[in-house]
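Throw the hints in and build the complete structure from the sequences for me.
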Amino acid sequence: MKLVECVPNFSEGRSKEVIKLITQEISNVEGVRLLDVDMGYDTNRTVVTFIGQPDEVIDVAYESIKIASILIDMSKHKGEHPRMGATDVCPLIPLKNVSMKECTLLSKKLGLRVGNDFKIPVYLYENSASKKYRRNLSSIRKGEYEGFSEKISQNQWKPDFGPSNLNIKSGATAIGAREFLIAYNINLNTSNKKIATDIALDIRESGRAKRDKDGKILRDRNNKIIKKPGKLSYCKAVGWYINEYNLAQVSINLTNYKKNSIHKTFEEVRKQARKRGLRVTGSEIVGLLPKKALIDSGLYYLKKQKKSTGIPQDDIIDVAVVSLGLNDISKFDKNKKIIENKLCQKKSFANL
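For the sequence shown, the working numbering assigns the number 1205 to the initial residue and increments by one for each residue that follows.
Everything labelled a hint here was simulated from the structure, so no lab data went into it.
Every residue gets a Cβ at the ideal spot worked out from N, C-alpha and C, and that includes glycine.
Heads up, some of the hints might be wrong.
Unchecked claim - What follows is a list of derived Cβ distance ranges for each label pair:
no.	residue 1	residue 2	range
1	Glu1544	Arg1480	34 to 40 Å
2	Ser1343	Lys1398	40 to 46 Å
3	Asn1393	Ser1342	24 to 30 Å
4	Ile1430	Ser1342	15 to 21 Å
5	Val1526	Arg1480	23 to 29 Å
6	Asn1545	Arg1480	33 to 39 Å
Have a look at this one:
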């Protein structure tokens, strides 16, 4: 059996009725399984995760984008998370017996349908990107919905599919094939968004703008901003304030958890927080993550504590959960957040 994972992000995190209408379409299709729905009130964004066979996943993604375009009005949308469309991003991830090349072809098929049928500008990103400067989602989304009417008129930002003018109601959508991504937020004992942003600039791979002694941004001969690289590779990060929790977070996307682990990221943010007179109180996983990511972290902390690593996997995971403070603002449920545990709850997927 071929399996593809799809993780569309919808620009709605406050109306349970809207999200229910979007996700019930996913639940109704045979051969597709809805794994997780993660709503964020302050970010006003919902991350949905489902898996299935390639053609069925594409059909379901198409229908969910259609429903979102009907129910979500971007001209009225406000939220902490950067966004440019009702369906802001729709990534496809190869899970089993599917190559990245196949997922790339599937993303282009989906993008063409969405652009033609719904008149939504579609940008291909990551492994599907038509141009190198479009691989990074943050580059495409820069300027967000409010700046897209002007941005889309520029020749270099003509969409891959759909109209070359912004869909006022639905905005624009990024679709692409990528590796497994872990969405990870780290909590600070402050409500100061600026400090969280400052930490994000120091840790993220793209870094921050270099400045001279007078604080002026440095540019090269082509007037391009010169960047000082951040501390962590395979890391995208922003800072924001979450009113629901009354705290600031460093919000992170780990694009390759095997090369930059959760615990390495957590420890670096702790280090950066201490430099600023703050401390990390805990962290949270948005959506799902692979079991290996937590096992690696559990083993790291057991070794730091000079304890035996020859214990059951569940106990290793418990060490990771406690050490990373994953219960800080909401309970971390292993059966709901770890993708392998979620899959094994249904017999048809138990062989995974």
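Against the structure, the hints come out as follows:
Taking the beta carbon of each, glutamate 1544 and arginine 1480 are about 37 Å apart, inside 34 to 40 Å as hinted. Taken as a hint, the range 40 to 46 Å is violated for the pair serine 1343 and lysine 1398, whose Cβ atoms sit roughly 23 Å apart. The hinted window of 24 to 30 Å between asparagine 1393 and serine 1342 holds, with their beta carbons roughly 27 Å apart. Isoleucine 1430 and serine 1342 have their C-beta atoms about 18 Å apart, which keeps the hinted 15 to 21 Å range intact.
For the pair valine 1526 and arginine 1480, the supplied restraint of 23 to 29 Å holds, since their beta-carbon distance comes to about 25 Å. Checked against the given bound of 33 to 39 Å, the beta carbons of asparagine 1545 and arginine 1480, roughly 36 Å apart, stay inside it.
When the structure is compared with the earlier hints, a violation turns up for hint 2 alone.
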